[in-house]
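Engineer: Place chains B, C, D, E and F on chain A using the hints.
6 protein chains.
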Amino acid sequence: MEISNSQRAQVLIEALPYIQRYEGKIVVVKYGGNAMINEELKKAVMSDLVLLHMVGINVVLVHGGGPEINDMLDKLGKESKFVNGLRYTDEETIDVVQMVLAGKVNKSLVKHLSELGGNALGLCGLDNNMLVAKKLSSEEDLGFVGEITKVNEKIISDSIESGYIPVISTIAVGENGEVYNINADLAAAQIAAKLHAVKLLMMTDIRGLLRDVSDESTIINDVKVSDVPRLKSSGIIKGGMIPKIDCCVEAVRRGVECANIIDGRVPHSILIEMLTDEGFGTMFH
Amino acid sequence: MEISNSQRAQVLIEALPYIQRYEGKIVVVKYGGNAMINEELKKAVMSDLVLLHMVGINVVLVHGGGPEINDMLDKLGKESKFVNGLRYTDEETIDVVQMVLAGKVNKSLVKHLSELGGNALGLCGLDNNMLVAKKLSSEEDLGFVGEITKVNEKIISDSIESGYIPVISTIAVGENGEVYNINADLAAAQIAAKLHAVKLLMMTDIRGLLRDVSDESTIINDVKVSDVPRLKSSGIIKGGMIPKIDCCVEAVRRGVECANIIDGRVPHSILIEMLTDEGFGTMFH
Amino acid sequence: MEISNSQRAQVLIEALPYIQRYEGKIVVVKYGGNAMINEELKKAVMSDLVLLHMVGINVVLVHGGGPEINDMLDKLGKESKFVNGLRYTDEETIDVVQMVLAGKVNKSLVKHLSELGGNALGLCGLDNNMLVAKKLSSEEDLGFVGEITKVNEKIISDSIESGYIPVISTIAVGENGEVYNINADLAAAQIAAKLHAVKLLMMTDIRGLLRDVSDESTIINDVKVSDVPRLKSSGIIKGGMIPKIDCCVEAVRRGVECANIIDGRVPHSILIEMLTDEGFGTMFH
Amino acid sequence: MEISNSQRAQVLIEALPYIQRYEGKIVVVKYGGNAMINEELKKAVMSDLVLLHMVGINVVLVHGGGPEINDMLDKLGKESKFVNGLRYTDEETIDVVQMVLAGKVNKSLVKHLSELGGNALGLCGLDNNMLVAKKLSSEEDLGFVGEITKVNEKIISDSIESGYIPVISTIAVGENGEVYNINADLAAAQIAAKLHAVKLLMMTDIRGLLRDVSDESTIINDVKVSDVPRLKSSGIIKGGMIPKIDCCVEAVRRGVECANIIDGRVPHSILIEMLTDEGFGTMFH
Amino acid sequence: MEISNSQRAQVLIEALPYIQRYEGKIVVVKYGGNAMINEELKKAVMSDLVLLHMVGINVVLVHGGGPEINDMLDKLGKESKFVNGLRYTDEETIDVVQMVLAGKVNKSLVKHLSELGGNALGLCGLDNNMLVAKKLSSEEDLGFVGEITKVNEKIISDSIESGYIPVISTIAVGENGEVYNINADLAAAQIAAKLHAVKLLMMTDIRGLLRDVSDESTIINDVKVSDVPRLKSSGIIKGGMIPKIDCCVEAVRRGVECANIIDGRVPHSILIEMLTDEGFGTMFH
Amino acid sequence: MEISNSQRAQVLIEALPYIQRYEGKIVVVKYGGNAMINEELKKAVMSDLVLLHMVGINVVLVHGGGPEINDMLDKLGKESKFVNGLRYTDEETIDVVQMVLAGKVNKSLVKHLSELGGNALGLCGLDNNMLVAKKLSSEEDLGFVGEITKVNEKIISDSIESGYIPVISTIAVGENGEVYNINADLAAAQIAAKLHAVKLLMMTDIRGLLRDVSDESTIINDVKVSDVPRLKSSGIIKGGMIPKIDCCVEAVRRGVECANIIDGRVPHSILIEMLTDEGFGTMFH
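Chains as they are written, first to last, in my numbering: chain A, 1 to 285; chain B, 1 to 285; chain C, 1 to 285; chain D, 1 to 285; chain E, 1 to 285; chain F, 1 to 285.
Just chain A, same shape as in the assembly (with noise of 0.2 Å):
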C-alpha cells in the first residue's frame, strides 16, 4: 500500500518535537542480539543511528559480539569451559575477544555506517585508557572477565564533539596492561551515565515487559525504577530479564533521564521509540 504525500508530510511533522527534544543532547545505543545477526534489521539500525545523529542528535553506539566470538573460537578449534553459564576466559580467550569485538565487529558497523553518510568512529575500551577495569569477583575463576573501575569519557566526548558517530566495543584495560572482557549492557549502563546521556536504548529479542509474556498485548510502557523492586518479588520481571533491567535501572539511578528496552526484531524500532508518537517497548525513568 501506497504511502499519500500527505502521509509522509504527517510523519515528517510528527518526528518536530521529539527532534527538538533531543537536538544536542546524547542518546547511548546498546546494540546486540537478532538485530546483529539478521543483515536486514542490521540495515535498519544502522540507517535509523545515521538519520538519528543527521538531525542533530549525538548518538552513541555500543555493541557486542556474542556470536562472532564464538564463532572465531569455533574456526580456531579452542574449546570452551563454562562456570556458572558464563565462559571461562583464559589469555588466549581475551585476545581472540579483543581482536573479533574491536577489529571485526566494530570496525564492520563503522564501515556500515559510513557508507550509509554517517560520520564513524570505532573505539574500544583500550583507546586512550577509556574504559578502566579489574577483574570480576566472583566464587569462581572467570579469568578476564572484568568490571568497570573507570569511564575515561573524554574520547568519546571529544569525538562527539567532531561530528562523529563513536562506535564502542566493550574491552576494558587492567591496571597491569591485562585486557578484560566487559558485559556490554552493564558498560552501555555505565558509559551513558558518564556521558550525561539522555536516554539510553537497549535493544533486546523480547517485546518489553509483558504482564503476562505469553501475551504483547499485555506490554508495560513505563516504570519507575522505584517501582522495579516490586515488579521482581511479583515475578513480572524475572529470569534473563533481570540484568538488562538492572543496567536500565543503574543508568536511571546515576542520571540518565529515561532507559528503554526495545525490540531488536523490529526494523527502525529505534526510529520509531525516537522519532514517532507511538514509543515502543518499556521504558524506565
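Source of the hints: derived by calculation from the structure; they are not laboratory data. Computed from a prediction, not measured in an experiment: that's the story for all the values here. Glycine included, each C-beta is placed from N, C-alpha and C at the ideal position. One or more of the hints may lead you astray.
Straight-line alpha carbon distances no greater than 25 Å define the calculated DSS-like cross-link-like pairs of lysine-lysine that follow [claimed, not checked]:
hint : chain 1 : residue 1 : chain 2 : residue 2
1    : E       : K232      : E       : K154
2    : F       : K238      : E       : K154
3    : C       : K25       : F       : K154
4    : B       : K78       : C       : K75
5    : C       : K232      : B       : K75
Rough simulated footprint, nothing fancy, chain B against chain C, three-plus residues with beta-carbon under 8 Å [claimed, not checked]:
hint : region
6    : 100 to 108
7    : 121 to 129
Here are a few chain E residues that sit away from chain F, every Cβ distance over 12 Å (derived from the structure) [as the list claims (entries may be wrong)]:
hint : residue
8    : G66
9    : K104
10   : I155
11   : V173
12   : G240
Structural biologist: Here is chains B, C, D, E and F on its own, set in the frame of chain A:
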C-alpha cells in the same frame, strides 16, 4: 487510512539523503499566494520551515503581503491608481506598505514560527540597511516602487549563525532615506544569490510548468535555464508565470544551485519537495 | 559663539572616565514623549545612541508610540473606549498597535539609526517569543493590555553580541498566541533588569524630580530608592511621575545599578547625562 | 658507565633546536619489521613517540602486521597461495587481515602508548571512510589487495587537533563496500603527503643506504630524490630496498619535506634521528 | 568662558564620524619634542591616547628620548663625539641609550597611561626580536647607530589584540646580538607600514608645512606624496623638516593611508586632528 | 667522555614523565646571584628556560639586579646610605633602579632568550599596573622601598597565552604614581601564588638546606612547610637563608604546589631539577 510503523520509518529514512545534502546549507523560501491566505496551508508551511530548520537546514523566509496591503488601504479609504497593472505608490501608500508588511505580516509569521518551536526573527530591508534600492525605472511614474541596488546580507548571515530563521519583508531604503516597495519574488532571488543559497523555493498557485496547461500530468519537472528562451518562444512559458520563472533563472545564473516553482496550494509541498523522493513542481538549474 | 579647539579637546577628555565606566556594559534607553515627536529632538537622540554605541557602550532602545497609534486609529475611524484613563484594546486595536509599533515606529527608528551609521535591528516581543505576557489584571476589562510574565532575553543578547543596537517594540505574546500591548516604561525596566543593564534612562517631558514643581532649580539629582516612599508621602513624588519613578525603583531593586529620569525636551540630554560631568535629571540608585 | 648531570643537561639542551624545528608539525612514522616483533624495541619506539608527542610534535603512527596475520592464518589452518611473492587474498583472508590489524595489532599499540602516558587513538581506513581503494591492478589476480585512490584525512586531523596520537591500520574500503589490504609503506607515504607532514620516518631492518652493503661505514646520509634514478642504475639502490625508497621519493615529490629510512633494530633510533645532532640512517629530500 | 551643554553635545557628536572611520584600525603616533618635555603637554598627549584607545582605535606609541639620554650621559661624565651632527655611539653609550629609553622613558610613559586608565605595555625592539637592524651605512663610522632590516610585528599585534596600547622604544638587535640605536621617526614609519596602520601621526615642534615660514596662516593642509619632490625643489620643504617628511612619504608609499605632521606644542593636537572637523598640521597621502 | 646514542635516548626518555607532569602548568623562576653574574651560567639558565618553554611548560622569569644597580650608582657617583643593611632609596636612586632593572637587565635577558629562539617579553610592575605597592613599613625610613599590595596578573597571563616567556622586573607603582623597589624574592613568591603556579624555583648561591653546613652530603631534599618552624628553632635554617625560605613557605601556603631552593652555581640546575630523576637542592611543599 492508518500509517504503519514500518511506513513511518520508511518515510523518515527516505528523508536521510536529502537532510545530508542540505545540512548547513541555505534555502530561501519565497512565500506568498494561497499558502499565505489559507490558515491551514499557512500552518503547514510554518511547520515545514521549523522542521527543516530543526534538522540543520538554514531556512530564510521572504514574504509578500499584497492582500493585507489592499485590505488596509481599503480600510483607510485610500483609492488606488494603477499604471500598467502596477499600483502607483504614493508616500501615504508606502507608509501603509511598510507598516503592514514589517509590522503585521512579518511579525505574525514570526509569532507563528515561534509558537511551533522555531527561533524566528523578523527583519525588513531597513534593518541595518539590508536592502538598498533606487526608484524603479519605468515609462510612467510608479512612485515609491523600487529595484534593489545592493543586498547587505550581513544581518541575515548573523541571524542564521545565531540560530534564527530570518523572516524578511521586502521594503528597501533609498539613498535619501526614502522607503521603497520591492517585488518579493525579485528580492528573494537576489537575497538567495547574495547568500549563496543552495536552493530557492518559489511558492506559487500553479502546479508547475505544464506542457498542456489543462493537464497537470504534463508537468515538466526539470528545466535547464538555458532552455528557458526556447520554452518561452514555444509558448510553454507564458503570461503570469514569466516573471516568476525569470526570477528563478536570475537566481540560478547568479549561483544558486537550483530554483523551484512549487505549488503552494498543496499542504507541505515544501517538505515533500525537500525531504522526499517525490519532488514537486518544476526545478530550474 | 565659537568653540575653541582647546574646548573641544576638554569636552572629549572629560568624556573619557565615563566611557571607561560604561564600556562593554548595557544601557537601556526608554524613548518616548516629545523627544519622539519633534524631528530635531529625534535626530539628536538617534545621534546620541549611535555615538554611545560607537564608543563601546551596548545601547538597547525601548520605545513607545502612543501618538502614532492614535493617529492610525483616527484614520481608520476606530472609536476609542476608555476605562479609568486606559484605552480598552479590542482585537482590531491590538492589530493596529502591533502594526504601528513594530512596522512603522520601530523600523523608522531603525532606518534613522542606520542612516547615521549605526547598526540597528528592529525587534518586538514576538521575535523568538522575547516578551511573554498575560492579560493585565484590573477591575474592569481592558482587552488586550498585558503584563510581562517572562523576558526571553536571548535574542537581545545575541543582537548585542553581533554588534547591533536592538530597537524594541513592547508588544508581547500570550500563552494562546494572542498579542498584548505592554506599557513601554514597565517593559524597559524589566528588560534592563533581565539584561543586567548598568543603567536605565527614562526619557520624559519633565526636568526631573523637583522639590518645587514651579522652580527647576530645586531639582533633586540623586535619590536612593529607599527614600522614594518618604518622597511620595511628602508629596514631592506625585501624579503622573509616580508610575515612571516606580519603574526606576523596580529596575534598581532588580539589580540595575541606577535608573535616571532625564528631560527628553533638551537636545542631547542622553549624551550629557552619560558622557559629561554635568549629569542631568534625577538619578535613582 | 654513569651519565653525569652535566651530560644530561647537554643532551636535553642539544634537543632544543630540533624541538623548535618540529613543534606543531606532523611527522608520520611507518612502523614495522624487527622493531615491531622485539618487545624491547617495541617499548623503545612507543616511548619515543610519546616523548615526541609530549614536546609538541604531532606524531602519526602507521603500522603493518604481516607476522601476526601469518600467525593467525596458520592457527586457522588457512593455506596461503602466493602470486609473484604476493599473497593471494581471498574473502576469508581479508577478514582475518582486518581483524588482526585493526583489532589486535592496532589496539595493542594504542594500549602500549596509553600505558606510557600517551593519548592514543586507534584508527583504520574504514573509520569515516579514511582510506578509499580499488583493486590493485596486476597481471595475476591477487584478490583483495588494493591501492589507495583517496585519503580522507579529516579524521586524522581531527584526532591530532583533539590531542591524540592517531595509530593507523592500513586497510581500506572499496566503492562497493569491500575491504582491501594496503601495503603499509605506500599508505604511510600517501598519508604523509595528504597531511602535509614535515617528515616521514620509515622503520626498516637495515642500517640505511650503503655504498657497500658489507660495510656499514659506507652509509649515505643524504640523498636528493633527483639522484635516486642514478643510484638505482648504479646498483646502489637495489632489491628489497627499492619499494621502500620509492615510497620515500613519492612522499617527497608530493610535498613532504624529507623522508628517512631508519634502522628499527637500534633502540630509540627515532629519538636519535629526531632530537639529537647524530642523525640516523638515510634521508631523502 | 563656559562651554554650554549644547556645545558639549555638539563636540561629541562631531566626533562620531571620525570614530566610525578609525574604529578597529591602527594609528601609530610618533611622540617626541616639546610634547615630551613639557609636563602639561605630556599629560594632554597621554589623555588623548587613552581616549582614542577607549573609543576603539588601536593606538601604537613610538617614542624617542634624546634629551633624557643626553642628561644621563652628562651625569655619567661621558663626553660625546659628533660626526656630521650625529652622535658617535660607542658600546658604553648604546648601553645608556637602551637603559634610558627602554627603562626610564618607556616605562614612565606606560605608568602615565596606566594612571589615566589606559592598558599600556612597554616594548622595545629587543622584545621577541621585534626590530632587527644592521649598522647604518655612512661615510664615517657612527658606532652602534642602526637601520632596521626587519620588523617582526607579531608582538605588537598580539599586544593590540589583548587590548593593550603598545609603547615602543626604538632600539634594535643586530645579527650578532649587538644593540643598535634607531631613529624613532624612521622606526615609526616602518612599524606603521608593517602593521598596515591607517594613519601615522608625527608630533613635531612646528605648525605644519608653511608656504611662508614666517606666517602660520600659509599652512598647507594637504599634500600628495607625489608633490613632495616639487615642494622640495621649490624650497618649501627644506632643512630640518626634510627627514620627517621623508618618513611620512615612506609610510604612505608603503601603504599607510595618510601621515600627518602635527604640532606637539599645542595641547590635545592629536585629539583635534583625529576627532574633530578642524584637522591639524599637514597631511601627506 | 663521549655520550653514547643510547645514553642520549635514556636521558630524553627519562625527561618524559616530568614533561607530562608540568605541561601547560606555570613555573616561576626567581633568577639572581651568581647565575646572573657569570656569563656561562647565565647562558645555561637561558637555555634551560627556552627548553622548558619549548616542551610546553609556561615559564615566568622574575629577576633581581642588585650588582648592576650598585654599578650604575657608582658610575653616577651616588653615595649610598644604609639602614639596617638595607639601602635607603631616595628619589634619584629609585630612578636608577627602574632604569637599570627594566631597561638594562630586563631587556638584555629578553634579548638573550630571543637569541636562543625563545619568545620573550620584558615586563615590569609598571606595565598595566601589574605590581601595586605601598611604602614598606619599617622602623627607620627606607625611602622608596615598597611591599606589594596587589598583583594584577592579567598582563602576565595574557603574555603566557600569546606564547611568550614573561621576564619581570620587580619595581611597583604606588597609589600616587610613585615607583617602589621591591625585593625580587618576595615578588616572585607573590606572583607565583597569584598565577597558581605549580612550582617556584629560587636560584641561590648555596647547595640547598644542609644539616651540617660544612658537609654538602647532609642536604635535606624535602621539607614540609609545617616543619620549617622546628628547623628554624633547631638552628638548621638560619641567617641569610631565612628570608628565602620564608618566601618558599609563603608561596606554598598560598597554593603553589612546591617551592625549591636550587643552586645557581651549577650549570643547568633548573633543567636537572625539572626534567631528570636527580632532583636538586631542597624542595618545600
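Engineer: Does E:G240 really sit off the interface, with its C-beta more than 12 Å from all C-beta atoms of chain F?
Structural biologist: holds, 29 Å
Engineer: Would you mind confirming whether the straight-line C-alpha gap from C:K25 to F:K154 stays at or under 25 Å?
Structural biologist: Holds, at about 20 Å.
Engineer: Mind checking the alpha carbons of C:K232 and B:K75 for me, to see if they're no more than 25 Å apart?
Structural biologist: Status violated; Cα separation ~46 Å.
Engineer: Closer than 8 Å Cβ to Cβ for three or more residues is the test here. Does the region 121 to 129 of chain C pass it with chain B?
Structural biologist: holds (count 8)
Engineer: Quickly compare the C-alpha distance for E:K232 and E:K154 to 25 Å and report which way the hint goes.
Structural biologist: Given pair E:K232, E:K154 is violated - Cα atoms ~36 Å apart, limit 25 Å.
Engineer: Hey, is E:G66 genuinely clear of chain F, shortest beta carbon separation above 12 Å?
Structural biologist: holds, 16 Å
Engineer: Would the hint linking F:K238 and E:K154 be met if the CA-CA limit is 25 Å?
Structural biologist: violated, 48 Å
Engineer: Report holds or violated for chain B covering the region 100 to 108 of chain C, Cβ cut-off 8 Å, minimum 3 residues.
Structural biologist: Since three or more residues must qualify, the claim that chain B covers the region 100 to 108 of chain C holds, with 8 doing so at under 8 Å.
Engineer: For the pair supplied as a hint, B:K78 and C:K75, confirm whether the alpha-carbon distance does not exceed 25 Å.
Structural biologist: holds, 10 Å
Engineer: Verify this label for me: E:K104 is non-interface relative to chain F, using a Cβ-Cβ cutoff of 12 Å.
Structural biologist: Violated, since 4 Å does not exceed 12 Å.
Engineer: Is the nearest CB of chain F more than 12 Å from the CB of E:I155?
Structural biologist: violated, 7 Å
Engineer: Beyond 12 Å from chain F, beta-carbon-wise, is E:V173?
Structural biologist: Violated: least Cβ distance 6 Å, not greater than 12 Å.
Going down the numbered hints, you'll see the structure goes against 1, 2, 5, 9, 10, 11, while the others check out.
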